[in-house]
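*Asks:* One-letter residues, chain by chain:
2 protein chains.
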Amino acid sequence: MQLRRGDVLDGAMAILDEFGLADLTMRRLASSLDVQPGALYWHFPNKQTLLGALADKILEDVDAPVDTRTWDGEFLELAHRLRLALLAHRDGAELVSATYASRMTNARVRESFATAGRRSGLSREHAELASYSLLYYVLGHTVDEQSRAQMESAGALTRAALSPDAPHSPIAAYDEDLLDGDPVIRFDFGLSLFIDGIRARLKETTHHP
Amino acid sequence: MQLRRGDVLDGAMAILDEFGLADLTMRRLASSLDVQPGALYWHFPNKQTLLGALADKILEDVDAPVDTRTWDGEFLELAHRLRLALLAHRDGAELVSATYASRMTNARVRESFATAGRRSGLSREHAELASYSLLYYVLGHTVDEQSRAQMESAGALTRAALSPDAPHSPIAAYDEDLLDGDPVIRFDFGLSLFIDGIRARLKETTHHP
Numbered sequence: 005m006q007l008r009r010g011d012v013l014d015g016a017m018a019i020l021d022e023f024g025l026a027d028l029t030m031r032r033l034a035s036s037l038d039v040q041p042g043a044l045y046w047h048f049p050n051k052q053t054l055l056g057a058l059a060d061k062i063l064e065d066v067d068a069p070v071d072t073r074t075w076d077g078e079f080l081e082l083a084h085r086l087r088l089a090l091l092a093h094r095d096g097a098e099l100v101s102a103t104y105a106s107r108m109t110n111a112r113v114r115e116s117f118a119t120a121g122r123r124s125g126l127s128r129e130h131a132e133l134a135s136y137s138l139l140y141y142v143l144g145h146t147v148d149e150q151s152r153a154q155m156e157s158a159g160a161l162t163r164a165a166l167s168p169d170a171p172h173s174p175i176a177a178y179d180e181d182l183l184d185g186d187p188v189i190r191f192d193f194g195l196s197l198f199i200d201g202i203r204a205r206l207k208e209t210t211h212h213p
Numbered sequence: 005m006q007l008r009r010g011d012v013l014d015g016a017m018a019i020l021d022e023f024g025l026a027d028l029t030m031r032r033l034a035s036s037l038d039v040q041p042g043a044l045y046w047h048f049p050n051k052q053t054l055l056g057a058l059a060d061k062i063l064e065d066v067d068a069p070v071d072t073r074t075w076d077g078e079f080l081e082l083a084h085r086l087r088l089a090l091l092a093h094r095d096g097a098e099l100v101s102a103t104y105a106s107r108m109t110n111a112r113v114r115e116s117f118a119t120a121g122r123r124s125g126l127s128r129e130h131a132e133l134a135s136y137s138l139l140y141y142v143l144g145h146t147v148d149e150q151s152r153a154q155m156e157s158a159g160a161l162t163r164a165a166l167s168p169d170a171p172h173s174p175i176a177a178y179d180e181d182l183l184d185g186d187p188v189i190r191f192d193f194g195l196s197l198f199i200d201g202i203r204a205r206l207k208e209t210t211h212h213p
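These protein sequences, in sequence, are chains A and B.
When we follow our numbering, the leftmost residue of the first sequence carries the number 5, and every step to the right adds one.
When we follow our numbering, the leftmost residue of the second sequence carries the number 5, and every step to the right adds one.
With the rest of the complex left out, here is chain A (with noise of 0.2 angstroms):
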């Protein structure tokens, strides 16, 4: 039976949602699919395209047309669908952050922030950059909000982590607040600056033309 490029895809998800993306590699996909590893390299060249067709699909339904009328609710629609996209696959914040530097992955959730941004009353050129500025807002937000909780889950956050044994550790002061709070309040706090801030731009050129 022939290997799909779907199933290649669908492996590759199943790996990276049990045992996370130091994981998924090529060798194990392929065992997985009980297939040799050349047969993946028909469908995907590299591994770095592989990340990206999986960084499509972990995105594939955030840009989705949104049924709000106002241009805020629009960003923070998108943003949230962002965020939860991401959240939903183990490493999915890591994996899309490091395939969208690598030009892998397309660019239509940026190109939706973009349009939003146009439809605000933004210039062109303003609206491209917010939807750079908003893509890695959540991104950082995200890749932060997934590791702590992936971490904590593993049991990994104790303080036993730090040897008594080491006389001279300056770390010491690591953050005692970094566990507290609503990671969505939080989020939404850092959109409404964001927001506001595009709003602010916006009676800037209305009052000054």
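Please keep in mind that the hints were generated in silico from the structure rather than gathered at the bench.
Computed from a predicted structure; not experimentally measured.
Treat the hints with caution; some may be incorrect.
One copy or two, it doesn't matter: identical chains are merged, so the pair holds either way.
Stated by the list, open to error - The calculated lysine to aspartate or glutamate pairs, modelled on EDC-like cross-linking and capped at a C-alpha distance of 20 angstroms, are:
(1) Lys51 <-> Asp27
(2) Lys51 <-> Asp38
(3) Lys61 <-> Asp14
(4) Lys207 <-> Asp27
(5) Lys51 <-> Glu156
(6) Lys207 <-> Glu22
(7) Lys61 <-> Asp71
(8) Lys207 <-> Glu64
Based on these hints, arrange chain B on the given structure of chain A.
*Replies:* Same frame as chain A, but now just chain B:
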């Protein structure tokens, strides 16, 4: 001669700068210092604490006193310092992002953002929230900026990486504009949205006390 903690850190930073985060292993570090791996563990009980100490070293000058009288100038100065500190070492942004989530690095930079937020007139709670927003934005921006720059210099960002043999590839729509534009202009635009957002919030508090 006894191996000092500072020697271990210097050796680790040298490997990071020359070969990158993926090649920074305890085994390789021990070998480069000409010691047995056990000698490292006296100073750093595991790799995570070593990475935390490296992150602290990368960030050590970021929160030095800022020579400005305005809170927005303080935010800008701190954010720019953070960006430059992260870009100064290969994979620096990725290393700090990862260790920040692990609680193995200190929180001084975030706290300096929170202090600037308090100076602006934000409540303690909002200043804390804003400090996370700014930190996440800077990390998200810098991780992407740095990996793109590193991939570009390695020649990895070429269309040749996309196989012409993969018939149903949806990757055709990857981001053409991704490498265009000045990253500093992009970075500053996001900072200005962030600062305008804080300013709007301060006005709100003043008008509706």
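*Asks:* Against each hint, give a clear statement of whether it holds in the structure.
*Replies:* Hints versus structure:
no.: 1; hint: Lys51 <-> Asp27; in the structure: both (12 angstroms within a copy, 18 angstroms between copies)
no.: 2; hint: Lys51 <-> Asp38; in the structure: within (18 angstroms within a copy, 34 angstroms between copies)
no.: 3; hint: Lys61 <-> Asp14; in the structure: within (10 angstroms within a copy, 41 angstroms between copies)
no.: 4; hint: Lys207 <-> Asp27; in the structure: neither (50 angstroms within a copy, 50 angstroms between copies)
no.: 5; hint: Lys51 <-> Glu156; in the structure: between (29 angstroms within a copy, 18 angstroms between copies)
no.: 6; hint: Lys207 <-> Glu22; in the structure: neither (48 angstroms within a copy, 48 angstroms between copies)
no.: 7; hint: Lys61 <-> Asp71; in the structure: neither (22 angstroms within a copy, 47 angstroms between copies)
no.: 8; hint: Lys207 <-> Glu64; in the structure: neither (34 angstroms within a copy, 39 angstroms between copies)
In this structure, the earlier hints numbered 4, 6, 7 and 8 are contradicted, and the remaining ones agree with it.
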